Structure formats: C-alpha cells, structure tokens
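Protein chains in written order, with my numbering: chain A, 15 to 496; chain B, 534 to 848; chain C, 616 to 836.
Don't take each hint at face value.
These stretches of chain B come out as covered by chain C in the derived footprint (C-beta under 8 angstroms, 3 or more residues) [claimed, not checked]:
| # | segment |
| --- | --- |
| 1 | 702-710 |
| 2 | 825-833 |
| 3 | 838-845 |
Which stretches of chain C does chain A cover? Using the computed rule of at least three CB atoms under 8 angstroms from a CB of chain A, they are [claimed, not checked]:
| # | segment |
| --- | --- |
| 4 | 686-693 |
| 5 | 732-743 |
| 6 | 770-778 |
| 7 | 802-814 |
Please keep in mind that the hints were generated in silico from the structure rather than gathered at the bench. The structure presented is a predicted model; accordingly, all values stated were derived computationally and were not measured. Glycine residues also receive a C-beta, built at the ideal position from the N, C-alpha and C atoms.
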Amino acid sequence: MMILILLAVSFVAAIILAFVGDRRFAHEINIIGSAVTFFAGLGLAVQVNMQGPMLAGGKFFFVDYFNVYLAVLTSLVSFTTAIFSRRYMRREREHGRVGHWGMRFYHAMFQLFIFAMLLALLTNNVGVLWIAMELATLSTVLLVSLYRTPTAIEAAWKYFILCGVGIALALFGTVLLYFAAERVLGEGGEALLWTNLNQVSGQLEPTVLRLAFVFLLVGYGTKVGLVPLHNWLPDAHSEGPTPISAVLSGLLLNIALYALVRFKVLVDGATGTHQAGYMMMGFGLLSILVASFSLLRQKDIKRIFAYSSIEHMGIATFAFGLGGPIATFGALMHMLVHSLTKSSIFFTVGHASQIHGTQEMDKIRGLIKGNPLVGWGLILGVMAIVGMPPFGVFVSEFLILTATIKDAPIFTPFLLIGLGVAFAGILRRAQQMVSGSVPPSHKSLKAANIPVILHMVLVLILGIYMPDFLNQWFHKAVELLK
Amino acid sequence: MNQIYPVIIEILQIAILLIAAPVFIGWIRMLKCWSQGRTSAGILQPYRDIAKLFTKDVVLAENASWIFRFTPYLVFGVTVLVGAIVPILSVDLPLSATADVIVLIGLFAIARFFTALAGMDIGTAFGGMGSSREMMIASLAEPAMLMAIFTVSLVSRSTSLSQIVHVITSKGFILRPSIAFAVLAFILIAIAETGRIPVDNPATHLELTMIHEAMILEYSGRHLALMEWAGMMKVFLFAGLGIAVFFPWGIAPKDNLIYLPAAILFLAIKLCLAGTGLVLIETGLAKMRIFRIPEFLGSAFLFATLGMLSYFILE
Amino acid sequence: MSITLAAQINSILAALILLTAFGLLVQRRIYGLLHLFAWQGLFLSISTGIVGYVAGVNHLYISSVLTLGLKVIVLPYILHILIIRMQIRKEVDTVVNIPTTMLIGIALVIFSYHLTAPIIELSTLVTKSTLAVALATVMLGLLMMITRRNAVTQIIGFLSMENGLFFAATSATYGMPLVVELGVALDILIAAFIFGIFFFQIRTTFDSLDVNSMAKLKEEE
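Using the sequences and the hints given, assemble the complete structure.
What follows is the structure in structure tokens.
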C-alpha cells in the first residue's frame with residue numbers, strides 16, 4: 015500500500031504541475047508533492063524495518079533492505095531539491111532564463127523523473143526496471159536543454175543519443191537474461207521477476223548470462239557514467255538547471271548502479287565465478303583514475319563536480335565489484351553519503367553561479383564574505399566529498415580502502431592516487447572560490463539554506479555515528495548481495 | 534549408344550547457343566523498342582547485322598599487332614567453350630566435367646583480358662579509356678561474382694555446375710535467404726559484366742559514357758562480327774548461367790533424350806522472361822555516372838557476402 | 616502453415632531486415648532512408664505476426680500490430696513531416712565513406728554471429744537462428760549512428776537499433792512479457808516526441824541539423 019502511495023503521489027503531482035507549473039504556488043505544490051513522497055518513503059522504511067522484505071501489487075513491486083534505503087534516499091533528496099529549486103528556479107524565472115512553458119515543463123518533468131526513479135527501484139520486474147530507466151532519461155533530456163542555449167542543446171542531444179544507445183544495449187542484455195530465465199522459470203512475466211531470478215540463479219545458463227552481463231554493464235554503465243561511457247555526464251550536468259544536476263548526480267547515477275549491482279549478483283550466482291565482479295572493478299578503477307585526472311583541467315564549476323561524481327561512482331562500482339562484506343558495506347554507505355553530499359554541493363554551486371552570473375571558477379571569488387551560507391556550505395561540502403574526516407564519505411572510503419588492501423592489494427595504489435588527485439584538484443579550486451574579497455559584479459540573493467544544512471548535518475552524523483536501523487539494513491543488504 | 538548421347542547433346546547445345554544468342558538479343562531490342570514506342574527492326578535484325586559485317590572488308594590500323602588480329606577469334610572461341618560448359622539444356626555435358634564454375638569465371642576473364650589488350654593495342658585514346666574502365670569494373674565484379682557462386686556452392690556442396698543443377702533440382706523448392714541474396718548479387722553482376730544499363734550502354738558511342746564499345750571501336754569487318762557475336766553470346770550465357778544456378782527446374786537430367794524438347798521449351802520461356810526483366814531494368818533506370826559504378830558493384834559484393842553469411846547464420 | 620515453412624519465411628524476413636539495415640547504412644537520400652526504415656518495420660511486424668502464429672503466443676499479435684502502427688506508420692510519418700517542415704537537405708553526409716562502412720558492417724555481422732553462436736545452440740525454438748541477425752541489426756544501427764552526422768539519420772539509426780531489439784526479443788524468446796513490450800513501445804513513442812522537439816530546438820539554434828555544428832563542449836574549454 016505504502017509503495018503505491020509512494021509512486022502515485024509523484025505521478026499525480028507531475029500531471030497537476032503540467033497544468034499549473036508556472037503559477038505562484040507551483041513551487042509549493044512541488045515541495046508538498048515531494049514531501050508526501052518522502053513521508054511515504056519513510057513509512058515504507060518503517061514498515062520494512064518492522065516486517066522485513068515484502069512483495070506488493072501481485073509480485074509487481076518488492077522491497078528489500080537494498081532498495082528500501084535507496085528509495086528513502088531518493089525521496090529525501092528529491093524533497094530537499096524541491097525546496098532548493100523553489101528559490102533557485104524563481105530567480106531563473108525572474109531573470110528570464112526560463113519562460114512560462116519552460117516552468118510548467120520543468121515542474122512536471124521533475125516529478126515524473128522522481129516517479130521513474132522510484133519505479134525503477136521498487137519494481138520487481140527486470141523489464142519494467144528498463145522501462146523506468148528509459149523514462150528517467152527521457153524525462154530529464156529536455157530539462158537539460160531547458161535554457162535553449164547552443165551548449166545546452168548540444169549537451170542534451172549528447173545525453174539523449176548516448177544514453178539511448180546505452181539503454182538499447184541494456185535491453186538486449188535484458189532479452190538475453192529473459193532467454194536464460196525462461197528456460198528455468200517458464201514463459202511469461204514470472205521469468206523476469208527479481209525475486210524469482212535470485213532463487214534460481216544457480217540454474218541459469220552461464221554462457222548466456224555472461225554475454226548478457228556485458229551488454230547490461232555497457233548499457234547501465236553508460237547511465238552510471240563509467241569511463242569510457244561517461245561523455246554525456248559532464249555536459250548534461252553543467253548545462254542543465256542546477257536542481258537537475260543535483261538529482262542527476264545524486265540520484266540517477268545511484269539508480270543505474272543499483273540495477274548494475276543486482277545484475278552482478280545474479281550473474282555471479284549463475285556462473286559461480288567472480289567475472290562480473292572483475293569487470294565492474296576494472297570499469298570502476300578506470301573511472302576513478304580518468305575522472306580524477308580530468309577534473310584537474312576543468313574551468314567550469316559544475317563540470318568539476320560532475321567529474322567528481324564519475325569518480326565516486328567509480329569508487330562504488332569498484333567496491334561492489336570487489337565484493338566481500340566490508341567493501342559492499344562501504345559501497346552501500348558510499349552511495350548514500352555521496353548522494354547527500356553531492357546534491358548539497360550542487361545546491362551551493364547553483365547559488366554561487368547565480369551570485370556571480372557565471373559558471374567559470376576563475377570569476378567566482380569571496381563566497382564566504384559575500385554569502386556566508388553558500389560559501390561555508392560549499393567548502394564544507396567539498397571537504398566532505400574529498401573524504402576528510404569527520405564526514406561520512408571518509409568512513410565509506412576508509413572501509414573500501416581497507417577491504418581493498420585486504421582482498422586486492424595491487425589496486426590500492428591506483429585507488430589512492432585517484433583519491434589523492436581528486437582531493438588536491440577539488441580542494442584547491444574550492445579554496446580559491448570561497449576565500450578573498452567580494453568582486454564588484456556580486457549580486458546578492460536569498461539562498462535556500464534548509465537543504466544544504468540538512469544534508470551536511472546528515473553527512474556529518476553518518477560520519478560520526480551510524481544509526482542502529484541503518485546499520486542493520488546495510489548488514490542485511492550485504493547478506494543479499496553476497 | 535549411351536556414349537553418344539552426351540556428345541549429341543553437347544553439339545546441340547553449342548548450336549543452340551550460336552543460333553539463339555542473336556535471337557535473344559533481337560528479342561531484347563524488340564521489347565525495348567516496344568516499351569519506348571518505337572517500331573522495332575524485327576527479332577532477326579542481329580543476324581542481318583552480323584551477316585553484313587562478315588561480307589565487309591577488314592580495315593586494320595597500321596600499327597595493329599597480332600594481338601589485335603588474334604583477339605576476336607580468341608574471344609569467340611572462349612565464349613563458345615563457356616557455352617559448352619554451362620548446363621543450359623541438360624546436365625549431361627561431357628565438357629562440363631573439365632571445368633567447374635571457377636574456371637568458367639577464369640575463361641571470361643581471359644576473354645576480357647585480351648579485349649582490353651586489343652583496345653589499347655592501336656593506341657587511340659578511346660581504346661585505352663575503355664580498357665581501363667573495363668578493368669576497373671572487372672576487378673570489382675569478379676570477387677562479387679565468386680562470392681555469389683560460392684554461396685550457391687555452399688548450398689549444393691560442389692562447384693561443378695552440373696552438380697549444382699542436379700542438387701538444387703533434386704531438393705525441390707526451398708525458401709533460402711542465402712540463394713535470394715545470391716540471385717540479387719548475380720543480377721547486378723550480370724548487368725555489369727555484359728555491359729548493360731545502368732553500368733554501360735550497348736547502344737551508344739558517346740565518348741564519355743561508353744566502356745565496352747570504346748574497346749572494340751577500331752574493329753571492322755569479320756573481326757567486328759565475331760566480337761559482336763561473342764558479346765551477344767555472353768549475354769545469353771549469363772542468362773543461361775543464372776537460370777542454371779538459381780532456377781534450374783526444367784533442365785534435362787542425365788541420360789534422358791526424350792526430355793530434351795521440353796528442356797528447349799522451358800529454356801525459351803525462361804529466356805523470354807529474363808529478357809523482359811532486363812528490358813524492364815534498362816528502361817526503368819538511367820545510366821549511372823562511372824564513379825557510382827564501384828558503389829553499384831560494392832552493393833553486389835555486399836549482397837553476395839550477406840548471402841554467404843546468411844547461409845551460415847540462418848540455415 | 617507448417618512450422619518449417621513458417622521458419623523459412625521467417626528467415627527470409629530476417630534476411631530482409633538485415634538487408635534493410637545495410638540499406639540504411641548505404642543510402643544517401645533522406646527519403647530513401649525513411650522508406651527503408653518503414654520497410655524494415657513492416658518486415659519486423661510480419662515476422663512477429665508469423666512467430667506469434669507458429670508459437671501460439673497471442674500477445675505477439677499485439678506486438679506485431681504495435682510495430683506496424685508505430686514503426687511503419689506513425690514514426691515515418693512524423694519524420695516525414697519534420698523533414699518537410701524543416702527543409703532538410705535531401706542528401707546525407709557521412710563521416711566514413713560508404714564502401715568502408717559496408718565492410719565494417721559485414722565485419723559486424725560476422726562478429727554478431729560469433730557472439731550469438733553459443734546461445735543459439737542452447738535454444739530449441741524454430742526461430743533461434745535469427746538471433747544473430749537481430750544482434751547484427753542492433754550493431755548496424757549503432758554503426759549508422761556513429762557514421763552519420765545528421766540528427767535525423769542518427770535518430771533513424773537509433774530506431775533501427777530498436778527494431779533489432781524487438782526482433783531479438785521475438786526470435787530468441789517468442790517475445791518478452793506483454794507489460795514489458797507495451798512499456799518499451801511507450802518509451803519509443805515518448806522518445807519520438809522528444810526528438811521531434813529536439814529537431815526544432817537544434818534547428819532554431821544552429822540553423823542546420825548537422826551534428827558537427829554541435830562541438831562546443833570539449834574537455835578544455
């Protein structure tokens with residue numbers, strides 16, 4: 015029941031906002047919709063916490079410890095992003111960067127995007143997962159080109175084409191998976207249910223699954239932003255409106271990774287080997303290295319954090335590929351804290367570029383003096399994302415490193431190099447931006463402070479103290495993903 | 534008696550080739566005239582042309598070497614030899630055992646090689662141009678031709694034409710994508726090899742477009758008659774080859790003289806249809822620029838390769 | 616209709632789908648592309664119907680009708696309208712010349728065959744052999760998207776890939792469950808609307824649909 019509410023609210027909100035998206039109260043509707051979704055998510059979490067994993071809607075939906083926390087995270091970040099977007103988008107509207115239809119479209123698609131992500135998380139059907147992922151892409155494509163500048167359109171086109179190709183390959187992988195599953199589970203919808211697939215993973219044909227995984231990895235890997243399939247990601251993040259960058263980076267990448275991890279468990283279960291894991295490790299490591307060196311060269315403030323997202327997705331992918339209880343625990347936590355931190359960074363980055371009227375890092379100066387909340391929010395967020403204690407990212411990265419040293423020591427230096435380069439690269443840039451005097455072009459604005467503060471506090475808490483229920487969820491999720 | 538039958542059939546087939554080739558060309562020209570609303574010169578006009586050329590004197594260029602004089606006889610001879618190999622009427626051909634389909638392509642290549650040499654022999658600009666164009670087409674058409682033939686050989690597990698005909702007729706009609714592709718490729722190649730529209734126009738002497746006509750521009754008298762006759766037989770033989778390989782139903786099986794009249798009738802019907810098809814293509818299409826010909830033959834190669842691949846993939 | 620005959624017809628259709636995929640690769644004129652794409656959809660639709668008949672899987676009929684409506688009528692029509700409205704140049708530019716593209720395409724077909732050979736052995740369906748063709752169609756669509764620099768041709772390549780995927784689903788498994796097929800069709804429809812909007816956006820911003828004009832976003836800006 016809770017699942018249906020969770021999904022229905024955002025869908026209904028999308029339809030309503032398609033009509034009233036440019037009214038004065040549209041932002042509030044957006045926030046209320048996201049808030050209700052968030053509370054439904056919390057309700058679902060409580061339910062799972064008490065009753066354990068469950069099926070709903072005639073096996074169509076399912077919740078276990080892996081996807082429940084992602085569902086809560088998704089609804090939380092979309093809620094805070096809605097709050098952020100109220101002030102941010104209002105200002106964009108006043109400055110004429112977005113028109114009447116643009117606002118209606120923006121609001122409707124924002125909610126539809128949340129709906130698609132929640133559907134992807136909660137569905138029990140591998141095919142529906144694919145459909146939801148495609149829907150999530152399609153709903154954001156036109157948001158990336160919302161500003162109608164040449165670069166924005168180019169970015170959106172790239173996003174559309176690359177992700178379209180990727181997702182098409184993923185569909186081929188899904189067909190192959192169905193082909194293998196059908197032989198064991200029989201024809202029809204039953205053969206595509208996660209719950210059924212996981213039970214019979216040992217009987218599935220290994221040759222087919224191995225090939226299927228290659229396609230799935232390339233397909234969903236494009237969405238995760240794994241190198242060398244990452245080309246769309248920095249463009250889409252830098253050219254779209256900032257709330258969209260925040261949810262793309264904080265949520266969509268997570269969902270794609272979620273799909274990939276589920277498939278990895280299935281395939282490794284079928285083949286009885288660790289091949290899928292090795293492939294993920296390879297892609298993960300490559301992403302970490304390439305992204306961390308690429309971000310050194312960036313001049314655009316949103317692009318640098320987009321590359322940082324690739325790097326962190328690489329870390330999580332690597333850790334999931336590595337397997338083992340510690341690495342998996344670390345990866346689960348990393349998905350959580352990265353998503354919170356990165357979306358908070360994008361909130362402050364959005365305001366910073368509004369204040370200075372540019373996204374070029376060289377022209378952004380004196381944020382702390384000009385707007386303390388934005389300045390401090392940015393620098394704290396950056397400290398968190400590069401893995402400084404006492405923030406949560408430090409803990410998750412520490413866990414992953416420990417596991418790497420234990421299970422795959424040869425990779426440790428590469429991991430450390432990647433982390434170190436990213437650390438230096440991002441921190442150096444951020445420091446320049448927040449310190450110094452305020453340039454004359456500075457425009458003051460009312461920043462959305464609640465989302466930033468909320469996210470940073472959560473990341474801080476997670477770095478110091480892990481709540482008991484979360485700890486249990488993660489442990490049980492680790493069991494599931496073994 | 535059994536030893537004599539094949540020899541009779543062989544002689545009959547060569548005779549039919551020599552006699553029917555001009556009629557076939559006449560049929561094509563007649564159809565073309567009708568389709569363009571002109572009055573035709575009659576189905577027997579090619580005979581009259583050849584007969585007229587034989588009565589005329591040969592005019593030789595001063596610097597013509599033996600190659601130039603030798604080529605018409607060689608081309609004519611080779612074409613007749615090919616006609617003795619291709620099972621047009623019956624599979625019971627003694628000469629057919631001496632050469633398979635690959636040799637057959639080689640024989641055509643010899644004829645072409647000497648024609649090209651003869652074209653360059655006099656040293657006129659048109660002859661050299663025609664030769665170079667002809668060799669360009671040949672270099673592209675032959676691999677495609679081999680591919681198409683290989684596809685059929687794969688299906689029938691033999692490169693001997695008699696064997697191919699035998700296997701395909703005995704299996705009955707099966708829808709095979711590989712053969713369908715090979716037919717397509719073969720039609721394109723046959724058009725290019727025999728110099729028909731859209732690759733070459735046999736009815737024109739326009740300097741910029743001619744290919745085959747440019748090479749034989751210097752010939753006259755009986756030489757020209759032989760070259761023309763050989764050219765007609767080539768068209769006939771390509772039609773016959775296509776029929777034998779792809780639509781062999783109706784060709785007489787071994788040791789069966791009684792079936793021969795029926796085989797001749799079938800051949801006549803099939804050739805009429807083939808001629809009609811050719812006329813449809815020729816009136817429907819415009820001659821393409823010479824630079825587009827590589828693409829035309831490239832697609833023939835593509836069809837042939839796809840045919841071969843789909844034999845492995847789909848059958 | 617006997618099963619062997621149906622299998623023969625199906626493999627002929629597979630060959631035709633492969634042929635149209637190649638045709639899309641080598642076709643220069645944009646209307647030619649559109650017609651070829653519509654033909655491909657038609658072959659796919661017939662093939663789906665035949666497989667549905669042979670296998671007795673009724674929902675494949677729905678899938679077949681969907682393909683017919685979407686891929687043969689609606690999408691080519693939309694594209695046709697867009698081409699007329701935007702007065703797109705009738706000749707299509709390519710990055711790699713056409714013979715090379717063909718050779719790469721042939722290599723891709725062989726690669727697909729090699730890749731799917733072990734899977735085909737496992738299958739018991741009469742349509743199993745067409746799986747390689749399906750994968751090849753996907754690959755050729757991908758190749759088309761890479762080698763063509765025009766937004767419309769890229770989209771046709773994308774849709775042709777999608778055709779290959781549908782074909783894979785019917786040939787390897789007698790079709791995915793209905794809910795999945797419907798969802799995929801819905802996604803394609805939405806994608807069609809989005810690229811329609813896109814064409815106008817690109818057109819008004821860049822004055823052409825040549826993707827090369829979109830090269831501002833590079834690593835070093």
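Here is what the structure says about each hint:
Counting residues of the segment 702-710 of chain B whose beta carbon lies closer than 8 angstroms to any beta carbon of chain C gives 4, which meets the minimum of three for the stated coverage. For the segment 825-833 of chain B, the stated coverage by chain C is satisfied: 4 residues place a CB nearer than 8 angstroms to a CB of that chain, which reaches the threshold of 3. Judged by the Cβ-Cβ criterion of 8 angstroms, the segment 838-845 of chain B is covered by chain C as claimed, because 5 of its residues qualify and three suffice. Three residues within the 8 angstroms Cβ limit are the bar, and the segment 686-693 of chain C against chain A gives 0, so the coverage statement is violated.
Judged by the Cβ-Cβ criterion of 8 angstroms, the segment 732-743 of chain C is covered by chain A as claimed, because 4 of its residues qualify and three suffice. Only residues whose beta carbon comes within less than 8 angstroms of a beta carbon in chain A count, and the segment 770-778 of chain C has 3; three or more means the coverage holds. Only residues whose beta carbon comes within less than 8 angstroms of a beta carbon in chain A count, and the segment 802-814 of chain C has 7; three or more means the coverage holds.
In summary, the one numbered hint that this structure violates is 4.
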